[in-house]
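Protein chains: 2
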Amino acid sequence: MNDEIEKEQEFEEWLNLLDENKFSVLKQEMNEEYPANIAEFFEEVPKKKRLFLFRLLTKDNAAETFSFMASDVQEDIVNSITDNEVRSIVDELSMDDAVDFLGEMPANLISKILKNTSDDKRKIINQFLNYPEDSAGSLMTIEFVQFHENSTVAKAMEQIRKTGVDKETIYSCYVVDKSRVLVGMVSLRTIILSGDDTLVSDIMEDDVIYVQTLDDQEEVAALFKKYNLIALPVVDNEKRLVGIITVDDIVDVIEEETTEDIEKMSALVPSDDEYLKTGVGKLAKNRIIWLLVLMISGTFSSAIISGYQSVLESSVILASFIPILMDTGGNAGSQASTLIIRGMAVGEIGLKDIFLVIWKEIRVGVICGITLAAVNFLRLMIFSHATTFVNLTVSLSICVTVILSKAIGCVLPMGAKKLKIDPAIMAGPLITTIVDSVSLIVFFNFAKVFVLRN
Amino acid sequence: MNDEIEKEQEFEEWLNLLDENKFSVLKQEMNEEYPANIAEFFEEVPKKKRLFLFRLLTKDNAAETFSFMASDVQEDIVNSITDNEVRSIVDELSMDDAVDFLGEMPANLISKILKNTSDDKRKIINQFLNYPEDSAGSLMTIEFVQFHENSTVAKAMEQIRKTGVDKETIYSCYVVDKSRVLVGMVSLRTIILSGDDTLVSDIMEDDVIYVQTLDDQEEVAALFKKYNLIALPVVDNEKRLVGIITVDDIVDVIEEETTEDIEKMSALVPSDDEYLKTGVGKLAKNRIIWLLVLMISGTFSSAIISGYQSVLESSVILASFIPILMDTGGNAGSQASTLIIRGMAVGEIGLKDIFLVIWKEIRVGVICGITLAAVNFLRLMIFSHATTFVNLTVSLSICVTVILSKAIGCVLPMGAKKLKIDPAIMAGPLITTIVDSVSLIVFFNFAKVFVLRN
Numbered sequence: 008m009n010d011e012i013e014k015e016q017e018f019e020e021w022l023n024l025l026d027e028n029k030f031s032v033l034k035q036e037m038n039e040e041y042p043a044n045i046a047e048f049f050e051e052v053p054k055k056k057r058l059f060l061f062r063l064l065t066k067d068n069a070a071e072t073f074s075f076m077a078s079d080v081q082e083d084i085v086n087s088i089t090d091n092e093v094r095s096i097v098d099e100l101s102m103d104d105a106v107d108f109l110g111e112m113p114a115n116l117i118s119k120i121l122k123n124t125s126d127d128k129r130k131i132i133n134q135f136l137n138y139p140e141d142s143a144g145s146l147m148t149i150e151f152v153q154f155h156e157n158s159t160v161a162k163a164m165e166q167i168r169k170t171g172v173d174k175e176t177i178y179s180c181y182v183v184d185k186s187r188v189l190v191g192m193v194s195l196r197t198i199i200l201s202g203d204d205t206l207v208s209d210i211m212e213d214d215v216i217y218v219q220t221l222d223d224q225e226e227v228a229a230l231f232k233k234y235n236l237i238a239l240p241v242v243d244n245e246k247r248l249v250g251i252i253t254v255d256d257i258v259d260v261i262e263e264e265t266t267e268d269i270e271k272m273s274a275l276v277p278s279d280d281e282y283l284k285t286g287v288g289k290l291a292k293n294r295i296i297w298l299l300v301l302m303i304s305g306t307f308s309s310a311i312i313s314g315y316q317s318v319l320e321s322s323v324i325l326a327s328f329i330p331i332l333m334d335t336g337g338n339a340g341s342q343a344s345t346l347i348i349r350g351m352a353v354g355e356i357g358l359k360d361i362f363l364v365i366w367k368e369i370r371v372g373v374i375c376g377i378t379l380a381a382v383n384f385l386r387l388m389i390f391s392h393a394t395t396f397v398n399l400t401v402s403l404s405i406c407v408t409v410i411l412s413k414a415i416g417c418v419l420p421m422g423a424k425k426l427k428i429d430p431a432i433m434a435g436p437l438i439t440t441i442v443d444s445v446s447l448i449v450f451f452n453f454a455k456v457f458v459l460r461n
Numbered sequence: 008m009n010d011e012i013e014k015e016q017e018f019e020e021w022l023n024l025l026d027e028n029k030f031s032v033l034k035q036e037m038n039e040e041y042p043a044n045i046a047e048f049f050e051e052v053p054k055k056k057r058l059f060l061f062r063l064l065t066k067d068n069a070a071e072t073f074s075f076m077a078s079d080v081q082e083d084i085v086n087s088i089t090d091n092e093v094r095s096i097v098d099e100l101s102m103d104d105a106v107d108f109l110g111e112m113p114a115n116l117i118s119k120i121l122k123n124t125s126d127d128k129r130k131i132i133n134q135f136l137n138y139p140e141d142s143a144g145s146l147m148t149i150e151f152v153q154f155h156e157n158s159t160v161a162k163a164m165e166q167i168r169k170t171g172v173d174k175e176t177i178y179s180c181y182v183v184d185k186s187r188v189l190v191g192m193v194s195l196r197t198i199i200l201s202g203d204d205t206l207v208s209d210i211m212e213d214d215v216i217y218v219q220t221l222d223d224q225e226e227v228a229a230l231f232k233k234y235n236l237i238a239l240p241v242v243d244n245e246k247r248l249v250g251i252i253t254v255d256d257i258v259d260v261i262e263e264e265t266t267e268d269i270e271k272m273s274a275l276v277p278s279d280d281e282y283l284k285t286g287v288g289k290l291a292k293n294r295i296i297w298l299l300v301l302m303i304s305g306t307f308s309s310a311i312i313s314g315y316q317s318v319l320e321s322s323v324i325l326a327s328f329i330p331i332l333m334d335t336g337g338n339a340g341s342q343a344s345t346l347i348i349r350g351m352a353v354g355e356i357g358l359k360d361i362f363l364v365i366w367k368e369i370r371v372g373v374i375c376g377i378t379l380a381a382v383n384f385l386r387l388m389i390f391s392h393a394t395t396f397v398n399l400t401v402s403l404s405i406c407v408t409v410i411l412s413k414a415i416g417c418v419l420p421m422g423a424k425k426l427k428i429d430p431a432i433m434a435g436p437l438i439t440t441i442v443d444s445v446s447l448i449v450f451f452n453f454a455k456v457f458v459l460r461n
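Line order of the protein sequences matches chains A and B.
Quick note: the first sequence uses my numbering, first residue 8, plus one each step.
Quick note: the second sequence uses my numbering, first residue 8, plus one each step.
Since the hints were derived computationally from the structure, they do not count as laboratory data.
Careful: at least some of the hints might be erroneous.
Since the list can't tell identical chains apart, any single copy or any two copies may satisfy a pair.
Unchecked claim - Computed list of lysine-lysine pairs in DSS-like fashion (alpha-carbon distance at most 25 Å, straight line):
1) Lys128 - Lys66
2) Lys174 - Lys232
3) Lys56 - Lys128
4) Lys55 - Lys359
5) Lys232 - Lys66
6) Lys284 - Lys119
7) Lys427 - Lys367
8) Lys425 - Lys169
9) Lys367 - Lys54
10) Lys14 - Lys292
11) Lys246 - Lys14
12) Lys367 - Lys424
13) Lys56 - Lys185
14) Lys14 - Lys427
15) Lys359 - Lys284
16) Lys54 - Lys233
Whenever a hint applies, use it, and build me the whole structure from the sequences.
Below, the structure is given as structure tokens:
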């Protein structure tokens, strides 16, 4: 499907229509496109024409397109439209989209927006804005379908027909008792396949999977993955149903959480901002802290080398093998730590597996270490001008370093998890620094034995 | 929700019931649990009791639990059950689960399974097994709801009630013409909210988003994310509808694809296997190739240092700064490359942005480089015994190295993408090696100017 190319052509055509003032054609064509694509088009439109273009959209399309827009375009538009238009957009947005959008706006805009919202909605929005950023509460929507225990299938269907159009999903419906406590879940599929007089409580699933408003979004995502859910109910402390989370929002959470892990592993302060829209100062700030920490901790390596200065002086050629040794150790270690961090993140590896993992990594380390050392020794004997003792020192050091790096690479993230520190933060950036010191100590001690004595 | 602890308690209780031969209680309790949890329980049951336990499950539960099992448990069970039981499991499995499962089994089991499958199903399974591993075809299921163009809402509902129970989803239905060409999509929500006599073709969305059987799963996942879909139709070359993909399978794809990217960035050969279940030999094999390549390419660093041996001999202390310099460069470079690789993967950065990105990285590099160099110079002047010229050499080298590393870190992955090489493979492991050489050259040239001449 040449989706991208077709879209680019369409956007170009629209830009031409805009330039040629053919607004009625443009209006029609735009309103037939998917809101996600219209939102993308807005990024290519010159700023001063965005407002005009936005007003060409039908009311329904306007709100939905708005929810797909990047936050700087949203800001741009809210800044320039009238109060009435703000009200109609916010009223059309589903609650979770409205909260998402408000979370990104500067304070002066938020007050403009809230001023133009009905009392009821404002109260709910304020409550939502109080949930912690990565909690189930901040992800949920309050537009869900709920039945009472004693409802029949016919009544349920009538209710869906009447109110369903405003709900985020009508495919998972929830059953509550008279104090609004969640007692069951029933899918539209089950409802449709049941007779009109059946009681909802007879066909509902009563062992419902649910989360609480303050649960972390990572846990929420894990439940979706495990049970193949399309929606998940959210309850308060008294198990009263307060909202639902739908799978489309979870897809974003999973991506956000992995991006965060990847960034931490590469010594970056994680950030939700889009790269191209983040200023140079902020980008630098997110990187400089770890670079400083790691540079300072690199002092250990320097101290180790200085400590063995006499060894180096007697054979300067040894210095030329420092990079190869450090890099091989670093790579071997980060291979192990990456697999362990990822394995823990997706739930394949638990803390109870630690001895199994260490034992496995040591054996993997022995195989990798011996192979690398052998290849390296052969390579040096053929191509290098160094003595056999130097070659032996380098190769043995590689072997021992690889084994130790693998062991450190698995102990470090699991230890971090045990201490309730984020494994990705702890093990990702630090592994190289730690392995550096270890490999240098190994190297110079072998050098003392083989090179200095011979 | 203390899901995990509750589950562990339940599993322990079940194991006790099993030991005490209280099978009828166990049977009842197990059959009331979610299949995903029953499947997890099987992992904790001793191998020789698994078959017996499996036979306690009702027919429906058996097939669904089976689809959630790890492939080694599946293999175990298929190996020991009768041909009739194999047939009933495979018949109950939905097509995409059946194909997934067969993809993991050894050849002798596949023939046992296919022998016990009806002709029709075998034909379809074989066709599915022919789709490339990461294609839309391999993800899709053929259990979907389709209507003819001239169907009415009443007829559609009747059809859903009659056949819906066997379909993967009934919430997205598809409309085809008489040659089975996909002409539209209609959601169950729309059907329910429309009058009985309405023609399906009047309420359907006719600009359907679809993929072809051979499209890559990454593209498929991107469409789900962009349009917030819960299902996506798959068509053949003639745009005839052949299957659908549902969002629960996409959640797995997203996780698989990111794990793959993370592994590549850490110099691992990507693998779908669970860590704890992968043998030591296979783990070593997935790592050793990159370790060898990177070790051999480390020869450049050695050669550079050897080339400047005279500089080193005149001031051995310089060697002690090699690790700090290489690591800082490596970290700075991989920070940049990670952001760019991830940005391209989630579609935030395109090739057209290359000059923007380079310009941004250079400025970020200048800020980071100057800060690091200044901190380092101060630190060395206070704590180090080296001469001011050595300290100056190290600090200037850090500054220049950081800037160059940032630039290399963004050019490398984008260049790889341009050349249609996977950015994660190209830039992840190689960045350190390339930055090493660059930083050493910078370092020794500054040393020549400042240290040798003074």
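Tested hints:
1. Lys128 - Lys66: Cα proximity of Lys128 and Lys66: one copy only (19 Å, versus 48 Å across).
2. Lys174 - Lys232: For Lys174 and Lys232, both the intra-copy (23 Å) and inter-copy (20 Å) Cα distances are at most 25 Å.
3. Lys56 - Lys128: neither (31 Å within a copy, 57 Å between copies)
4. Lys55 - Lys359: between (59 Å within a copy, 24 Å between copies)
5. Lys232 - Lys66: Between. Shortest inter-copy distance 24 Å satisfies the 25 Å Cα cut-off; intra-copy 35 Å does not.
6. Lys284 - Lys119: This pair counts as within: shortest intra-copy Cα distance 24 Å, inter-copy 56 Å.
7. Lys427 - Lys367: This pair counts as within: shortest intra-copy Cα distance 24 Å, inter-copy 36 Å.
8. Lys425 - Lys169: neither (51 Å within a copy, 53 Å between copies)
9. Lys367 - Lys54: between (58 Å within a copy, 22 Å between copies)
10. Lys14 - Lys292: So Lys14 and Lys292 fail the 25 Å test inside a copy (36 Å) and across (43 Å) alike.
11. Lys246 - Lys14: Between copies only: 19 Å across chains, 47 Å inside a chain, cut-off 25 Å.
12. Lys367 - Lys424: Within one copy, since 19 Å is at most 25 Å while 35 Å is not.
13. Lys56 - Lys185: Intra 52 Å, inter 45 Å, cutoff 25 Å: neither.
14. Lys14 - Lys427: between (47 Å within a copy, 22 Å between copies)
15. Lys359 - Lys284: Classified as between; 15 Å across copies, 43 Å inside a copy.
16. Lys54 - Lys233: between (44 Å within a copy, 23 Å between copies)
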